[in-house]
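These protein sequence lines are chains E and C, in that order. Each residue of the first sequence is one higher than the one before, counting from 0 in numbering that gives the first Met the number 0. Each residue of the second sequence is one higher than the one before, counting from 0 in numbering that gives the first Met the number 0.
Please keep in mind that the hints were generated in silico from the structure rather than gathered at the bench. In this text, a Cβ means the ideal position worked out from N, Cα and C, and glycines have one as well. Treat each hint with caution, since some may be false.
Which stretches of chain E does chain C cover? Using the computed rule of at least three CB atoms under 8 Å from a CB of chain C, they are [unchecked claim]:
1. 59 to 68
2. 72 to 82
3. 105 to 113
4. 165 to 176
With a Cα cut of at most 30 Å, we get these calculated DSSO-like pairs of lysine-lysine [as the list claims (entries may be wrong)]:
5. E/LYS175 x E/LYS87
6. C/LYS85 x C/LYS13
7. E/LYS51 x C/LYS91
8. C/LYS347 x C/LYS325
9. C/LYS347 x C/LYS315
10. C/LYS318 x E/LYS68
11. C/LYS208 x E/LYS9
12. C/LYS300 x E/LYS10
13. C/LYS299 x E/LYS9
14. E/LYS56 x C/LYS85
15. C/LYS91 x E/LYS68
16. C/LYS85 x E/LYS148
17. C/LYS352 x E/LYS56
18. C/LYS208 x E/LYS68
19. C/LYS208 x C/LYS299
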Amino acid sequence: MKAWFLRSFKKGIVTSSFPSGKNESLSPWATTPAGDISGEVNCPVDAIHNDKVDSGKCISCGICFPQFKPSLQIPQITTTRVEKSLSKSMKLYIFDSGTCGACNLEIMALNSPQYDMNRLGLSFTNTPRQADAIMVTGVLTDGMIDPLKAAIDSMASPKIVFAVGACAISGGIMGKSISEIVGLDVQVPGCPPDPFVIMAAIEKARGRI
Amino acid sequence: MITPARIVFEEDGKIFALRRYSEDLEDFSGDLLKKRVVDLKPSEKLSLFPYGPSAGGFTESIYFSILTSGEKIEAMNYDTSLKDRKISLSGKDILKALLITERINGIHSASYSSLFCDLMERSSGIEISQEIMDLRTLMMEMERISHHLFVAGRLSGGASQNIASMNIYLLREELLRITGQTFGHRYFFGINKPGGIGRDIDLSNIYEKLESIVTEYEEIYRTLMDSRIFIDRTDSTAIIRDEMAAGPVLRGFGKNMDGRLQHRYYNNLNVRISTGDSGDSLARYVVRSEEIFSSWEIVKKILDRNTRFNMVEEAKIDKIQGTGEKISGYMETPSGDLSMILSVRSGKINFFKYSSPSLWNLRVFADAMKGNNFADFYFGLESLGLCVSETGDIR
Numbered sequence: 000m001k002a003w004f005l006r007s008f009k010k011g012i013v014t015s016s017f018p019s020g021k022n023e024s025l026s027p028w029a030t031t032p033a034g035d036i037s038g039e040v041n042c043p044v045d046a047i048h049n050d051k052v053d054s055g056k057c058i059s060c061g062i063c064f065p066q067f068k069p070s071l072q073i074p075q076i077t078t079t080r081v082e083k084s085l086s087k088s089m090k091l092y093i094f095d096s097g098t099c100g101a102c103n104l105e106i107m108a109l110n111s112p113q114y115d116m117n118r119l120g121l122s123f124t125n126t127p128r129q130a131d132a133i134m135v136t137g138v139l140t141d142g143m144i145d146p147l148k149a150a151i152d153s154m155a156s157p158k159i160v161f162a163v164g165a166c167a168i169s170g171g172i173m174g175k176s177i178s179e180i181v182g183l184d185v186q187v188p189g190c191p192p193d194p195f196v197i198m199a200a201i202e203k204a205r206g207r208i
Numbered sequence: 000m001i002t003p004a005r006i007v008f009e010e011d012g013k014i015f016a017l018r019r020y021s022e023d024l025e026d027f028s029g030d031l032l033k034k035r036v037v038d039l040k041p042s043e044k045l046s047l048f049p050y051g052p053s054a055g056g057f058t059e060s061i062y063f064s065i066l067t068s069g070e071k072i073e074a075m076n077y078d079t080s081l082k083d084r085k086i087s088l089s090g091k092d093i094l095k096a097l098l099i100t101e102r103i104n105g106i107h108s109a110s111y112s113s114l115f116c117d118l119m120e121r122s123s124g125i126e127i128s129q130e131i132m133d134l135r136t137l138m139m140e141m142e143r144i145s146h147h148l149f150v151a152g153r154l155s156g157g158a159s160q161n162i163a164s165m166n167i168y169l170l171r172e173e174l175l176r177i178t179g180q181t182f183g184h185r186y187f188f189g190i191n192k193p194g195g196i197g198r199d200i201d202l203s204n205i206y207e208k209l210e211s212i213v214t215e216y217e218e219i220y221r222t223l224m225d226s227r228i229f230i231d232r233t234d235s236t237a238i239i240r241d242e243m244a245a246g247p248v249l250r251g252f253g254k255n256m257d258g259r260l261q262h263r264y265y266n267n268l269n270v271r272i273s274t275g276d277s278g279d280s281l282a283r284y285v286v287r288s289e290e291i292f293s294s295w296e297i298v299k300k301i302l303d304r305n306t307r308f309n310m311v312e313e314a315k316i317d318k319i320q321g322t323g324e325k326i327s328g329y330m331e332t333p334s335g336d337l338s339m340i341l342s343v344r345s346g347k348i349n350f351f352k353y354s355s356p357s358l359w360n361l362r363v364f365a366d367a368m369k370g371n372n373f374a375d376f377y378f379g380l381e382s383l384g385l386c387v388s389e390t391g392d393i394r
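Kindly generate the complete structure, drawing on both the sequences and the hints.
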């Protein structure tokens, strides 16, 4: 026991002050690419038109490099509703509708000491019945349609539906978007989104930034 | 011991098989591999406990049906098909197929894309440099360290060792950040390309950071091994001794088997293999921890001879036209052996099959849980390092 305490003291404070402070890191290709090119750019998901990039479609593959480069900015987060009543406390339920696994792990990373989601009044819950927000990851798969509808129906209002990652938002390169069966309150772009981007999206959805 | 067949398929009335750690297809006289089916019959004393497909304890969606008396597990079935993405590669061009393959299992994308590119190159006789082989190996070993740290965090958290768990997650996040800064992506998406790499990589700043992560993990590991609570929760739980198992699960009961031992990417890197003997969750944890240290030894050797990798022109993708001939191979992912067969014709994929380690580990886990305490389910499952995404069907 003593060893653990000593270790923690030795390590010091590692937690970010984001969102009041600056994010300490951001994975370059989790940011929306930017370029100043008119004409054809090779994009396997048709996310680039002239110099505009649809961040909800972008799968962070880097095929557009070197014409386009990572913007190194937190991408534009589309939010159609803001729930200020959840600004003090918010319980999140992760729902995997058909991921490669990466988006799930990036959401779960919010629990690690660098992010310490609890300091913002955020926590994960094991059941949608106790959840204020559902974080849906992955493409829409046939077998998960009913469980997804059931999970959202079982949540009490107010409830927020997050589409986390390009697969959930647009279907990415793997399949269909979850928007075919549920309305998306918040879209968190990236393949997968960086944990700081997910945190920014959560804070935006409850009116804290 | 006969090396088990990982992929068996029928074509033109003949049955072919690809065995574990093999690059050669062979004629096969046995049956096609069958889905595991166990008939679970509830009775007065036994009830069926449904768990999943979406539940807080899982990292990915999976459904378990557990026959139990309330305390003991009598039998178990599982279903991974609910989140089956129905991935199809047939008719896809090489680039699109590569991007999809990277996302079959996103957290092991370096292993998947390295094998895919290796098969592409062999299908068209493209030679790659030692540097590119080294970079692929380095990415796969960093991926292994990251994955094993995640499993260690889950296991220690499950055993209420929350300070240990948070310290391990802290190290994993540090590793992911270094990966993101160095490779442009926290999970190595977009680096591997047939014949080369997709962007310049500069490794000159990662040695000290990686060394510090591994050294810190070693301290945590030694302290955890002194924890009676952690040992009690993982010792003798979910004992697996089935040779169909893969990776750390196979090595956890003493099998000195690892695809890296004979793979040409690992020539001259002297891969050190660790084994356990009890086959329980604790043995698998120890094997994974030792693999973190041996992966770091490999990474060090590679960093000693390379620090810069320059982008190789993607034009080599155009050289891959293919003849329709089937090419097969394997790679040792953090979860175990991945086997793949594919063929290319006119620059497009026209045949693709793979066998993932999670597929086999889940199968042997379901058999091994019979007789275990219900509370041990979590430790058995987490010690597998399961990735449900890679158990899906490829059409």
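Inset, instruction - Assess, step by step, whether the Cα of E/LYS175 is no farther than 30 Å from the Cα of E/LYS87, and give holds or violated. - result: Answer violated: E/LYS175 to E/LYS87 is near 34 Å, above 30 Å.
Inset, instruction - Take a quick look at whether C/LYS85 and E/LYS148 sit within 30 Å of each other, Cα to Cα. - result: Holds, because 21 Å separates the two Cα atoms, which is no more than 30 Å.
Inset, instruction - Starting from C/LYS318, check that the Cα of E/LYS68 is at most 30 Å away, please. - result: Holds: C/LYS318 and E/LYS68 sit about 26 Å apart, inside 30 Å.
Legend entry - Holds or violated: C/LYS91 to E/LYS68, with C-alpha atoms at most 30 Å apart: holds, 26 Å
Legend entry - Within 8 Å of chain C (C-beta), three or more residues of the region 165 to 176 of chain E: holds (count 4)
Inset, instruction - Confirm or reject the coverage of the region 72 to 82 of chain E by chain C under the rule of 3 or more residues with a beta carbon closer than 8 Å to the chain's beta carbons. - result: That given contact is violated, which follows from only 0 residues of the region 72 to 82 of chain E lying within Cβ reach (below 8 Å) of chain C.
Legend entry - Hinted pair C/LYS300 and E/LYS10, Cα distance within 30 Å: holds, 29 Å
Legend entry - Distance restraint between C/LYS85 and C/LYS13, which requires alpha-carbon spacing of 30 Å or less: Satisfied, since the Cα-Cα distance of roughly 26 Å is no more than 30 Å.
Legend entry - C/LYS352 paired with E/LYS56 [C-alpha distance capped at 30 Å]: holds, 27 Å
Inset, instruction - Measure nothing beyond the straight line between the CA atoms of C/LYS347 and C/LYS315; if it is 30 Å or shorter, mark the hint as holding. - result: Measuring from Cα to Cα gives roughly 14 Å; hence the hint holds.
Legend entry - Restraint check for C/LYS208 with E/LYS9, where alpha carbons must lie at most 30 Å apart: holds, 17 Å
Inset, instruction - Closer than 8 Å, Cβ to Cβ, for at least three residues: run that test on the region 105 to 113 of chain E against chain C and report holds or violated. - result: holds (count 7)
Violated hints for the displayed structure, listed by number in ascending order: 2, 5.
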